[in-house]
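Protein chains: 4
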Amino acid sequence: MKAGIFGGSGYSGRELSRWLSHHPSVTVEFSTGSAKPHIPHEEGVSRPADVYFLCLPHGTSAVYVEKVRALHPDALVIDLSGDLRLKTPESYQLWYGQEHSAPGLLKDAVFGLTEVFRSELRGARLISNPGCYATSVMLPLLPLIQGRWVEPDDIIADAKSGASGAGRSPREDLLFCEVEGNLSIYSPGRKHRHIGEIEETIERETGIRPTVTFVPYLLPVERGILSAIYVRTAHSVDELRNALSTYYAGSPFVRLVERAPRLKDVTHTNLCLMSIHEGAPGRAIVVSALDNLVKGAAGQAIQNMNVALGFEETEGLV
Amino acid sequence: MKAGIFGGSGYSGRELSRWLSHHPSVTVEFSTGSAKPHIPHEEGVSRPADVYFLCLPHGTSAVYVEKVRALHPDALVIDLSGDLRLKTPESYQLWYGQEHSAPGLLKDAVFGLTEVFRSELRGARLISNPGCYATSVMLPLLPLIQGRWVEPDDIIADAKSGASGAGRSPREDLLFCEVEGNLSIYSPGRKHRHIGEIEETIERETGIRPTVTFVPYLLPVERGILSAIYVRTAHSVDELRNALSTYYAGSPFVRLVERAPRLKDVTHTNLCLMSIHEGAPGRAIVVSALDNLVKGAAGQAIQNMNVALGFEETEGLV
Amino acid sequence: MKAGIFGGSGYSGRELSRWLSHHPSVTVEFSTGSAKPHIPHEEGVSRPADVYFLCLPHGTSAVYVEKVRALHPDALVIDLSGDLRLKTPESYQLWYGQEHSAPGLLKDAVFGLTEVFRSELRGARLISNPGCYATSVMLPLLPLIQGRWVEPDDIIADAKSGASGAGRSPREDLLFCEVEGNLSIYSPGRKHRHIGEIEETIERETGIRPTVTFVPYLLPVERGILSAIYVRTAHSVDELRNALSTYYAGSPFVRLVERAPRLKDVTHTNLCLMSIHEGAPGRAIVVSALDNLVKGAAGQAIQNMNVALGFEETEGLV
Amino acid sequence: MKAGIFGGSGYSGRELSRWLSHHPSVTVEFSTGSAKPHIPHEEGVSRPADVYFLCLPHGTSAVYVEKVRALHPDALVIDLSGDLRLKTPESYQLWYGQEHSAPGLLKDAVFGLTEVFRSELRGARLISNPGCYATSVMLPLLPLIQGRWVEPDDIIADAKSGASGAGRSPREDLLFCEVEGNLSIYSPGRKHRHIGEIEETIERETGIRPTVTFVPYLLPVERGILSAIYVRTAHSVDELRNALSTYYAGSPFVRLVERAPRLKDVTHTNLCLMSIHEGAPGRAIVVSALDNLVKGAAGQAIQNMNVALGFEETEGLV
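Residue numbers (the working numbering), protein chains in the order written: chain U, 1161 to 1478; chain D, 1161 to 1478; chain Y, 1161 to 1478; chain Z, 1161 to 1478.
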């Protein structure tokens, strides 16, 4: 199979190239946006491939999804931007603060949280890859809400991410001297786009809309997300753990562990590790860890490709 | 004034020496435990000074507090260990898992959260310096509970600390290769000693006992603590902000800021910066940042000394 | 005394503001280029002050030196850029690749390597502050060449600098994810501007022109420069050490130490620490360490101001 | 093929396990020294395997080499310690400061600098894996000396290593707070053990004994070694580059590059990248970069195993 990458010089695009170079069934044919050889995005559109990955900024990405699908209707297209994650133009306008550039795509795109939407992903031709923060919160939270193990209101997600999550475009606040030795919060509360993605996706799948207080942090590390999710529950830690273990029994990349996972347990892997701990009465603490560039981006994209194209789900990922 | 330091080679002891060397009214006469010249703790006991700082491990520290006070009854003794922070031997046994080595001291020690106990600290001769995590949680939380601005139950404190908080004794989990690029949780939930200190101190001062779910993290930075405290409240962010501003109006080291403080805004200073943000309905997020070695240890110890001995509170600290 | 700073928002300018805020005899009146309040450089020119510090990019800096001197002929002007470090327009053209914007200033500017040019600095009204790399190489090397302790040919300087030396303007290669966990060489050999500054300054002072192979590195740290200088010598390590000790006997900020200094021995101080070690026969290794933002920039600028204006040399620096 | 690892919990042992888990022809049967399941070294001796890797401290390692060979005479044994790198007990005594525990092994062990000793490694049954620093210096230097491209005297190697090179045993100077934000030199000049290994190996292979001034550094990164090697030469940079390119034409892991390689170009790979730059007249700068845990330890061990056992040299390494 032949793959094409749009935006191969960013952190997600580069990670995708690296992992695909080890995939036994896929060869990267071209990568736009990289230095050598430089291939403009427009040229990429005309290049034939079996699967296209789009690692472009939101707003731009949907435009190229449309162009690629027009020319290559049988190809699989996987969009790693935020453009196709929300399901209505209104919701997109609300969380992204701009009009959607290709609203017709929203209904066609399967949401690529692989473990949850695996059956819909089989044979899919358009996949929207989830956000990294959202993946780290939805994977533990969705089954707990679906099974009514936790109250959907008053969920708190305190989520710390490595700097690669902010991308590779030069910005003063991402300079080494600003991030090193530092820890900073941005968009605390109800402001971050991933809240919309989390709440809307969980509601779509479970029929229950959760309310999440979300605080994202910039960690002085290159990669990895560690989220602590504080939930209200009438159940024991063991019951919650069993609920998640059961839900993910057939999912090789999601695992329950005893001690809280550390970032380095998951970096450079496609794993999402989870643990559950007792809080004050009525509170449990759910911890999840993943690599934002792998399970939070390139790895999950390959996992989705594997499912969509009928490869083994773990192919090229272990 | 002459000062003596017990345990001058650890991170807190070293920080204390450095700050005291700039204090206009105090000279460090000796420092035990350091390499050159090496002065054993026992020798320190016999050395005359006006103020003694104890930067020793808990268990050991109270023993030397007793020895120093026996020989130098008029001197000021400031204990930076956890030995005198809880007020009953039972509570100490519960949280420290061992019998108290000098229970007679517990009642005499003034708790050195300077901004809260300033009047009791004037003229004090025995001060127990608060823990670094506990300081970062109590400073914002105590006034909010005292004024009944927030519900005392279901408080969540997600607190991230630099590695110097774990001390300088060699341990595999503190090696550079283990901490760098990593983020790890230890003692999540209801297990960390500082929970006892936070809940007991707030109850003593306000008459209301809070219940705190506490998750401490080891950050890949040398110094600093950033705590996000999630509280239930019927009040607006502005009301909470005003309540804290009013409470700390006369306190030069505690300041309310608009945007969430970052670690580097406070490292190498005696400041505690705080901000308040809106969460989901009924939830507010209180963020506090301080340097664990300064406001969380050496700086607050000097601040307490200043108050106890009648110096300007900010002397040697700006 | 009143001070004005041009370019107060860069790393050097900010460091200068911080140190000057502790200087007992100087008050910062204004700082251009900072956010709040924003003062344009042109407005700074018209503001009266006793001493002006220019932390602007080369090319721009000399222009403002001229403007300030035209309006405030009695004021002291200290230029932290590279504009006045070389002494002829030809040399400037050679190393900076552009025409000098104010060649008339070159002869008037005293070169502010304080320990070497102290007597010329007394009463000076225009001072060119040395480069950070150049300071770390010249301080140990100049006395050794002057005393003919080492051969002037075949000197090798392997110099590692923290990322703040590259400034605060956003650049992809200075992003956290690029610098963290990395070490990179730039301009190896005979290409870096500081070579011209080192060779020309040493020749001017000693009459002997050295030839330096220079390799600069970007370290994954915020601040500090550690240089290893490999010299050919017929003398023992002890003789070299004595030569340097004697030369710097009256200089409080330059010290010979036994073990090779580490970065953290000098960061946040105005010190330059040096050590000498035996290499293969005929080779000695001279190590020097300083903080690029302090002794390599803001600190040395204040030291020069102290000498020029007749203050104690260490005022505001300890 | 079945592999056994002695000392699997250290950084080299762990890296070896990780890489071997991807090797298509080898399975790790046991690993001693790890936590779960804990297998004592003595038990490992009795376990049958086709290849044994020893990641034990020097002194201890040779003892287990002897025990394993006594019981499993047909197995391949690869020692990653320093015990078998020098070829006489006298040299070992000189550089390691202790008597050799199994001098009879020294002559049997093939020195595993794969690219240089490839033909001797084919079919070998005892291999001494080179040191990480030594590999980074010998790979570029040996061919240049053999071809008389550079003068063997007055070679300077300035070599910076990540902290994993110092091992995983807790030591105060390896704590996060000591290494972070720091750069330190240890054993400068003619003291480090790898000097003996470099000079003796090059002499054995080329008949010419070089003299190396060696300065090793501890970098604040987890992994990687970047060495700058300053050589005297009458030849151009192009000639030197060609000489190295020709020498390594058939070696997939050693590559000449134009710009100086950075640490992150080689970390997590078995590559050694090299570049050559012009210094002052008569001086060239040779830069080499590798990952101390891969090409400097576990990766080169696997590469040696591949050659010794007749696998493809790159198997399991790309």
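Think of the hints as simulated: they come from the structure by calculation, not from any bench.
Be aware that a few hints might be false.
Said to hold, decoys possible - Per label pair, the in silico range of CB-to-CB distance:
no.	chain 1	residue 1	chain 2	residue 2	range
1	Y	K1196	D	A1195	37 to 47 Å
2	D	H1198	Y	S1206	56 to 66 Å
3	Y	S1329	U	R1282	25 to 35 Å
4	Z	K1267	D	H1198	47 to 57 Å
5	Z	R1178	U	P1184	37 to 47 Å
Ideal Cβ placement from N, Cα and C applies to all residues, glycine included.
Inset, instruction - Could you check the structure against the hints above and give me the numbers of any it violates, in ascending order? - result: 3, 5
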